[in-house]
Every structure is written in structure tokens, then in C-alpha cells.
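Starting from the known structure of chain A, fit chain B onto it as the hints suggest.
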Amino acid sequence: GAGVSQSPSNKVTEKGKDVELRCDPISGHTALYWYRQRLGQGLEFLIYFQGNSAPDKSGLPSDRFSAERTGESVSTLTIQRTQQEDSAVYLCASSPKTSGGRRETQYFGPGTRLLVL
Amino acid sequence: AQKVTQAQTEISVVEKEDVTLDCVYETRDTTYYLFWYKQPPSGELVFLIRRNSFDEQNEISGRYSWNFQKSTSSFNFTITASQVVDSAVYFCALSEAIGGFKTIFGAGTRLFVKA
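Protein chains in written order, with our numbering: chain A, 1 to 117; chain B, 1 to 115.
No lab work stands behind these hints, which were simulated from the structure alone. Virtual Cβ for every residue (Gly too), placed ideally from N, Cα, C. One or more of the hints may lead you astray.
Each pair of labels, with its calculated beta carbon distance range [stated by the list, open to error]:
no., chain 1, residue 1, chain 2, residue 2, range
1, B, ASN52, A, THR78, 14 to 20 Å
2, B, PHE112, A, LEU115, 22 to 28 Å
3, A, GLN83, B, LYS16, 15 to 21 Å
4, B, PHE54, A, ASN10, 41 to 47 Å
5, A, ASP63, B, GLN2, 29 to 35 Å
6, A, SER27, B, ASN52, 38 to 44 Å
7, B, VAL46, A, SER58, 22 to 28 Å
8, A, ARG64, B, ASN58, 41 to 47 Å
9, A, PRO8, B, THR80, 35 to 41 Å
10, A, LEU117, B, ARG28, 37 to 43 Å
11, B, ASP18, A, LYS15, 45 to 51 Å
12, B, ASP29, A, LYS57, 18 to 24 Å
13, A, LYS57, B, THR80, 21 to 27 Å
To give an idea of the chain B side of the interface with chain A (calculated C-beta under 10 Å), a few residues [stated by the list, open to error]:
no., residue
14, TYR37
15, GLN57
16, ASN58
17, TRP66
18, VAL85
19, ALA93
20, GLY106
Excised from the complex, chain A in its bound form (with noise of 0.2 Å):
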């Protein structure tokens, strides 16, 4: 596809389960992000990846949050024991490849709706 891709588009969970949020991002590009947005607020980064360099987690509100990148394509989030304030929108992000300190457009996906009940 053209644009950056995410599955589910929605996602309802109870409590303490864990969730696994997906994101495929536009080919070519090296460069990945997750943020997370709450109703009504700006967005929080919480991880990026570029190529086989080691990830920038410090966005990562808790230990029970992580992601891993196969790559240079898809890449998952992982929310384990989930809670009520996890309920947000993530959005995931790719840029093509970042050099030195130049920041490249991020184009967005869709974003996965979570909610926690």
C-alpha cells in the first residue's frame, strides 16, 4: 500500500490482558515511531527505530510496554496486563532514513483505537 498501515483499527480488552498492536509502515522507509493519544490530548512519543541501530525506548511509560521491528518493516507493540489508563489511540509512524541529526517528515497511520474496560 501507499500510506502507512495499522491492525486492528480497534481493539477492546478487558483488564490485565495483554494487547498486540501492529503497524506496517511505507516501504523503503527506515525510519518508524509509535506515539500514543489520549482523548483529547497531543501525542505522546513512546518509541522509535531506525535500521539495526539500537531503539530510542525512552518514550516508554512502563515495563510493561514494548515493541520490536523485524527490520526495516512491520512492527508490533506489545501492552502487557493492560490498564484503564492504557485506553488511548497509537499511532505509528514511518520517515525515510534519518542521517546525522536531520529530522525527515513522519507520515502517519490511522491509528488503533484500545480501549481497557
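Positioned in the frame of chain A, the structure of chain B alone reads:
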């Protein structure tokens, strides 16, 4: 520390009015990037502009224009002759060249354009 402040939570205008969305940022770095994104009711964020800290030239793209002033740490966004389709939440964002690739977003300004 990095910080982006969008003091205007909501703005309501009538079609064809001009409107300016404010963005003030804080950074410890001399090299940084500023962004504006639009989030329409559909929810998908749309990139509008990227500006690096060494380029203070103002930019115009159709009805959109941006005023970058390092002296006041501001990167304001003006829509001229607003249209109903401009109704959305607009986010300003900052990314420093050091300290990783974290991008900090402001809380957003919700713009309502009434016909």
C-alpha cells in the same frame, strides 16, 4: 528541556476570516526541527511543514503561511481566508538534533470554521 506550548485550546472563526495558531517552544539545542501537523475529524495526522532552526525565512503555501522567529521561540501558523475544510486539530512539534529522536508535540489547537 524540550517543551511545546500551544496556548490556544480552541479557536472558532467564520469562513473567510484569517486565523493564526500560536506555537511557542523551548529547547536547549541550537539545531532542531519544528513541524506542524493537521488532524482532521477522520483522525489521520497530515504533515504540513518542517522547518530547521537555521532557516528563519517565512514560508507561504497557498492559504497557509508560517512565521518562524527564533528571538521569541515561536513558530506561528496562519490560515488566510479560512474554509470549513480547515476545521481540524493542529499540532506543533519539536525535534532536537541531540538527545535521540524523540519528537515532542504540543497539546494541539482545535480550529472550528463555521460557514
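Hints and how they fare:
1. Taking the beta carbon of each, ASN52 (chain B) and THR78 (chain A) are about 34 Å apart, not inside 14 to 20 Å as hinted.
2. Here the CB-CB span from PHE112 (chain B) to LEU115 (chain A) is close to 27 Å, well matched to the stated 22 to 28 Å.
3. GLN83 (chain A) and LYS16 (chain B) have their C-beta atoms about 47 Å apart, which leaves the hinted 15 to 21 Å range violated.
4. In this structure, PHE54 (chain B) and ASN10 (chain A) meet the distance hint of 41 to 47 Å, their C-beta atoms being roughly 42 Å apart.
5. Range check, ASP63 (chain A) to GLN2 (chain B): about 24 Å between beta-carbon atoms, so the 29 to 35 Å window is missed.
6. Remark: the range hint 38 to 44 Å for SER27 (chain A) to ASN52 (chain B) is contradicted by a beta-carbon distance near 26 Å.
7. A C-beta distance of roughly 26 Å is found between VAL46 (chain B) and SER58 (chain A), which places it inside the suggested range of 22 to 28 Å.
8. For ARG64 (chain A) and ASN58 (chain B), the hinted distance range of 41 to 47 Å is satisfied, since their beta carbons lie about 44 Å from each other.
9. In this structure, PRO8 (chain A) and THR80 (chain B) meet the distance hint of 35 to 41 Å, their C-beta atoms being roughly 40 Å apart.
10. Taking the beta carbon of each, LEU117 (chain A) and ARG28 (chain B) are about 42 Å apart, inside 37 to 43 Å as hinted.
11. Between ASP18 (chain B) and LYS15 (chain A) the beta carbon distance is about 48 Å. The supplied range of 45 to 51 Å therefore holds.
12. Separated by about 21 Å at the C-beta atoms, ASP29 (chain B) and LYS57 (chain A) satisfy the suggested range of 18 to 24 Å.
13. Checked against the hint of 21 to 27 Å, the C-beta distance between LYS57 (chain A) and THR80 (chain B) comes to roughly 42 Å, which is inconsistent with it.
14. Interface restraint check for TYR37 (chain B): the shortest CB-CB distance to chain A comes to about 8 Å, inside 10 Å, so the restraint holds.
15. Because the smallest distance between the Cβ of GLN57 (chain B) and any Cβ of chain A comes to about 18 Å, over 10 Å, the interface hint for this residue is violated.
16. Using the Cβ-Cβ criterion of 10 Å, the hint placing ASN58 (chain B) at the interface with chain A is not satisfied: the shortest such distance is roughly 19 Å.
17. At its closest, the beta carbon of TRP66 (chain B) sits 15 Å from a beta carbon of chain A; the interface hint therefore is violated under the 10 Å criterion.
18. Annotation: VAL85 (chain B) was flagged as interfacial toward chain A, and the flag is violated, the nearest CB pair being 19 Å apart, outside 10 Å.
19. For ALA93 (chain B), the shortest C-beta to C-beta distance to chain A is roughly 8 Å, which falls under 10 Å, so the interface hint holds.
20. For the restraint placing GLY106 (chain B) at the interface with chain A, the shortest Cβ-Cβ distance is roughly 6 Å, inside the 10 Å limit, so the hint holds.
Violation of the numbered hints given earlier is confined to hints 1, 3, 5, 6, 13, 15, 16, 17 and 18; the remaining hints are satisfied by the structure.
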